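Same order as they appear, the protein sequences are chains A and B. Taking my numbering, the leading residue of the first sequence gets 1, the next gets one more, and so forth. Taking my numbering, the leading residue of the second sequence gets 1, the next gets one more, and so forth.
Hints are computed from structural coordinates only; laboratory data are not their basis. Note that the coordinates shown come from a computational prediction; the quantities given were computed from them, not determined experimentally. C-beta: ideal position from N, C-alpha, C; glycine also. A portion of the hints provided could be inaccurate.
[Claimed, not checked] Covered stretches of chain B (chain A as the covering partner; in silico rule of three or more C-beta atoms under 8 angstroms from a C-beta of chain A):
{"#": "1", "segment": "27-34"}
{"#": "2", "segment": "160-169"}
{"#": "3", "segment": "189-203"}
{"#": "4", "segment": "238-246"}
{"#": "5", "segment": "286-299"}
[Claimed, not checked] Cβ-to-Cβ under 7 angstroms is the rule here; a few derived chain A residues that face chain B:
{"#": "6", "residue": "Gln17"}
{"#": "7", "residue": "Phe24"}
{"#": "8", "residue": "Ile25"}
{"#": "9", "residue": "Leu32"}
{"#": "10", "residue": "Leu58"}
{"#": "11", "residue": "Ile61"}
{"#": "12", "residue": "Ile106"}
{"#": "13", "residue": "Gln219"}
{"#": "14", "residue": "Lys368"}
[Stated by the list, open to error] Some but not every residue of chain A turned toward chain B, in silico, with C-beta under 7 angstroms:
{"#": "15", "residue": "Ile18"}
{"#": "16", "residue": "Leu34"}
{"#": "17", "residue": "Leu36"}
{"#": "18", "residue": "Gln40"}
{"#": "19", "residue": "Val42"}
{"#": "20", "residue": "Tyr47"}
{"#": "21", "residue": "Ser51"}
Residues per chain are reported as follows:
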Amino acid sequence: MKTSDFDPASFQVFNKQIQRATLFILVVFGVLILRLWFLQIVNGPVYRSKSEHNRIRLQDISPSRGIIFDRRGEVLVDNRPSYNLYIIPEEVQDQGRLLESLSRLIVLDPGPTGELLDKASRGLPFKPVCVKRDISRNELAIIETHRFNLPGVLIAVKQQRRYISGYLASHLLGYLGEITEQQLKTGEYPDNKSGDLVGKSGVEWKWQAVLNGKRGGAQVEVDAAGRTIQVISRKPPVSGSDISLTIDRSLQALAEKALHGKRGAIVAMDPQNGEILALASSPPYDPNLFVGGIDKTNWDRIVSSEDFVLQNRALTGQYPPGSVFKIVVALAGLQEGVIDPGEELYCNGIYALGRSKYRCWKKYGHGKVGFHKALVESCDIYFYKMGMRLGVDRIGAYAKKFGLGVKTGIDVGREKGGLIPTREWKLKKWGVPWQAGETVSLSIGQSFILVTPLQMARMISAVFSGGSVHRPQLTKKIGKTPADKVHGSSLEGKGRLEIKQEYLELVKKALVGVVNEPHGTGSKARVKNITVAGKTGTAQVVALKKGKGKQDPEEVPFKFRDHAWFLAVAPAENPKIAIAVLVEHGGHGGSAAAPIAKEIIEAYLREPG
Amino acid sequence: MFDRRLIQNFDWVLLLLLLIVAAISILNLYSATYATHNEFGFQVFVKQIYWFLIGFILFFLMTTFNYYALERLAYPIYFFSIGLLVLVLIVGKTASGSQRWLNLGPVSFQASELAKIAILLVLAKFFSEKGWHQEYRLRDLWQPFLLISIPTALILKEPDLGTALLLVVVSFSIILLVKVKWKSLAILVVSTLSVAPFIWSGLKEYQRLRVLTFLRPEMDPLGAGYHINQSKIAIGSGLFWGKGFLKGTQTRLHFLPEQHTDFAFSVLAEEWGFMGSVILLLLYLFLVLWGLKIAMNSKDKFGSLLAVGIVAIIFWQVVINVGMVTGLLPVVGNPLVLFSYGGSSLISTMAATGLLMNISMRRFMFQ
Numbered sequence: 001m002k003t004s005d006f007d008p009a010s011f012q013v014f015n016k017q018i019q020r021a022t023l024f025i026l027v028v029f030g031v032l033i034l035r036l037w038f039l040q041i042v043n044g045p046v047y048r049s050k051s052e053h054n055r056i057r058l059q060d061i062s063p064s065r066g067i068i069f070d071r072r073g074e075v076l077v078d079n080r081p082s083y084n085l086y087i088i089p090e091e092v093q094d095q096g097r098l099l100e101s102l103s104r105l106i107v108l109d110p111g112p113t114g115e116l117l118d119k120a121s122r123g124l125p126f127k128p129v130c131v132k133r134d135i136s137r138n139e140l141a142i143i144e145t146h147r148f149n150l151p152g153v154l155i156a157v158k159q160q161r162r163y164i165s166g167y168l169a170s171h172l173l174g175y176l177g178e179i180t181e182q183q184l185k186t187g188e189y190p191d192n193k194s195g196d197l198v199g200k201s202g203v204e205w206k207w208q209a210v211l212n213g214k215r216g217g218a219q220v221e222v223d224a225a226g227r228t229i230q231v232i233s234r235k236p237p238v239s240g241s242d243i244s245l246t247i248d249r250s251l252q253a254l255a256e257k258a259l260h261g262k263r264g265a266i267v268a269m270d271p272q273n274g275e276i277l278a279l280a281s282s283p284p285y286d287p288n289l290f291v292g293g294i295d296k297t298n299w300d301r302i303v304s305s306e307d308f309v310l311q312n313r314a315l316t317g318q319y320p321p322g323s324v325f326k327i328v329v330a331l332a333g334l335q336e337g338v339i340d341p342g343e344e345l346y347c348n349g350i351y352a353l354g355r356s357k358y359r360c361w362k363k364y365g366h367g368k369v370g371f372h373k374a375l376v377e378s379c380d381i382y383f384y385k386m387g388m389r390l391g392v393d394r395i396g397a398y399a400k401k402f403g404l405g406v407k408t409g410i411d412v413g414r415e416k417g418g419l420i421p422t423r424e425w426k427l428k429k430w431g432v433p434w435q436a437g438e439t440v441s442l443s444i445g446q447s448f449i450l451v452t453p454l455q456m457a458r459m460i461s462a463v464f465s466g467g468s469v470h471r472p473q474l475t476k477k478i479g480k481t482p483a484d485k486v487h488g489s490s491l492e493g494k495g496r497l498e499i500k501q502e503y504l505e506l507v508k509k510a511l512v513g514v515v516n517e518p519h520g521t522g523s524k525a526r527v528k529n530i531t532v533a534g535k536t537g538t539a540q541v542v543a544l545k546k547g548k549g550k551q552d553p554e555e556v557p558f559k560f561r562d563h564a565w566f567l568a569v570a571p572a573e574n575p576k577i578a579i580a581v582l583v584e585h586g587g588h589g590g591s592a593a594a595p596i597a598k599e600i601i602e603a604y605l606r607e608p609g
Numbered sequence: 001m002f003d004r005r006l007i008q009n010f011d012w013v014l015l016l017l018l019l020i021v022a023a024i025s026i027l028n029l030y031s032a033t034y035a036t037h038n039e040f041g042f043q044v045f046v047k048q049i050y051w052f053l054i055g056f057i058l059f060f061l062m063t064t065f066n067y068y069a070l071e072r073l074a075y076p077i078y079f080f081s082i083g084l085l086v087l088v089l090i091v092g093k094t095a096s097g098s099q100r101w102l103n104l105g106p107v108s109f110q111a112s113e114l115a116k117i118a119i120l121l122v123l124a125k126f127f128s129e130k131g132w133h134q135e136y137r138l139r140d141l142w143q144p145f146l147l148i149s150i151p152t153a154l155i156l157k158e159p160d161l162g163t164a165l166l167l168v169v170v171s172f173s174i175i176l177l178v179k180v181k182w183k184s185l186a187i188l189v190v191s192t193l194s195v196a197p198f199i200w201s202g203l204k205e206y207q208r209l210r211v212l213t214f215l216r217p218e219m220d221p222l223g224a225g226y227h228i229n230q231s232k233i234a235i236g237s238g239l240f241w242g243k244g245f246l247k248g249t250q251t252r253l254h255f256l257p258e259q260h261t262d263f264a265f266s267v268l269a270e271e272w273g274f275m276g277s278v279i280l281l282l283l284y285l286f287l288v289l290w291g292l293k294i295a296m297n298s299k300d301k302f303g304s305l306l307a308v309g310i311v312a313i314i315f316w317q318v319v320i321n322v323g324m325v326t327g328l329l330p331v332v333g334n335p336l337v338l339f340s341y342g343g344s345s346l347i348s349t350m351a352a353t354g355l356l357m358n359i360s361m362r363r364f365m366f367q
């Protein structure tokens, strides 16, 4: 049985309410119909003519991209006005003819441009399609003169990115390129749409969201030539935030000059906090080439070059460290107690392991060698023996503590991790157990080990900053906010070396000796009145035949020549700058890399303030 | 045993009205997507035919049982729909910033559509049990308020402002119809108005901005403001007779945004003019008044109230959408019921009108 049948009283109330509702409904519908009458009959003719020449358009107002400064507030990248040529496909009567007449006036390839227009015509109505960016003043004048014979052609001023010193810090700053379909789909570019230029590498890529700003726009009424008659409403764009980097423009320029004509990388860092003062990779490129969309010849030249121009060697170049790795082995040996600082080993130039013989770089040996002398003169035999006492896995563990073989976590740029070999790794990767001879090579930074120049700079910084391993940092300020506020605490010391201070002091003293003592290998980095500490390295590119010793560099073909390393810190008492220099196939670290470090130290520390 | 009177009482007018609106809708969708050269346009138009077919099947299914059954099932259906709404917030598919869709294999479904019907059922049940013996005071209404606010809050969370608003408007239409004391009503209005400033100051900046653009599209000159401008041009330029089928320039040149969904009415108004748009509005008016007649003819309170609720849903959706595209009301983004492209809304509306038919068919039956 159902309980909800109407009783007469309820039914009466209900009926009355339904009548009221009916009245209400009739009134509302009446209002809607009146509204239609007003739109379609009273104002209809006005709307009809508006629809016939629908000239209400949405125009983009691009935000201006944030400016990039160096640590002293010098401008590295800014924007300049550029004139871009647009075509509105809907307003072109004969596309073929228009493109033909355009190509007679200015340099323009009708084929690809036509394809571009066909593709774009499926988008929003009357959206201008950019067919040529940054036309010259000359072209601008020609187009303006012929304007009335070119219906549907439009010129608009846009801001164009300008890399003030061209090649300077190109790898670090990065370049811009047109946003790809995939990038748009990821949803990581909420403020961009197709046709926009976005950062493709370096700072431009990393801080894209910050630099970009927010697009504005306007609803405007335009005339037949596409020119704005009236702005109906407008939403102003929001400029992107500026970025200040930790690098020092003049130091960066000096580092790049020092590498000119060579392949290599330089990293200069403040050892106290990990701020990068200069980060150079050679050869560089000119990011300005990419700004207007790079042309094919330039792109081919850049990509096909054997120099791998686009590669940032400081972050992604992986090299064997050679003798600079002895710093790590030395500290590991002391901390693990496998060697006493006073203990002397004998170097006769040859170390025999089974039937293999491993040589010292000094043919007839160093004679009796203690800890200090071993580092200062870079005696290989001493470190072979020490490495054998430590074993591969302990060496690897210490290397990892120094941040080698792992990404440094630098805030800008894609980097590579390098490689620290272990027994486990060898077996897994090669299916062969670790050989004792490989430990011998590893103790002087050879065999499978690979590091990046950035890791090396951080390693030497850790030794001289009392053992803190910092996360390298390139961004100083975002807008007005210090970058560490943005990053949170991740910029704090990433790790600490668990090594006794007295051992660190011993190594530091030895590294001062490398540069300043008579037999030191790094004497070319000596600077008057400043105590420079450093370590040379000469990394073999191909494993030389065992027992054959080293050859005269001039006899070896270029691509088989050794890489030259030099790590330096100055002043040793109160470290202000740590440097890693790598010159690919440069030969000896002491002769090819040390003078570069010297030049940078001189410039940085001699500079007033 | 099958009752012959069911066939005798079959409501041909209701069916005919639905069929006419469906036909116009498909014709209009064909035009709205005609300019889209690719396959997509064609798909939309064919897909909508399928949706209508499924809709009509559901419509007839909804007439096969006695709607009294729903009175018992009201709460289970209500809680089931709440469960779905919660599920949507957890595993729902996100489209353009809000999470509204449940994936059911190949098709996805908007859970809020079921919630619309569920709310009607529980409200009809609640008020049919209470009856009309006295005018309601606020304290009598705490239960319906609770029933309304739970699904509304969940839908707001998605966020789907338009549907949430529709739920509130429809529910209050029902409450007003069962009659509330004038004094209570006044208290309700005054207290809402006095709380509003506090809510406003509690909102975050971006939330305020969203509400403001909703109320005043001109504040968003590149989005809603532009859409409304173009929609008004489209409608107005139709004049009395319209530009003719497939001849709407606003539609052809894609000046109209969402021309197959939210702005489908503008396409009709451009191509068929004042004549066409008024005819469609009169069809809706007829449908709504016919629904009220069904409500009056029903012999039980549950059926009457359910019918009123279904009518309210159709009525308010028409008003909100047509009001929006003609620039009278804020831009909510609700489609035109039975007319715009979209499966979920169409299916649920067809099911609801099926219930209306169910009530109509059983108007002379006594148990």
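Violations among the numbered hints:
1, 2, 3, 7, 11, 12, 14, 16, 19
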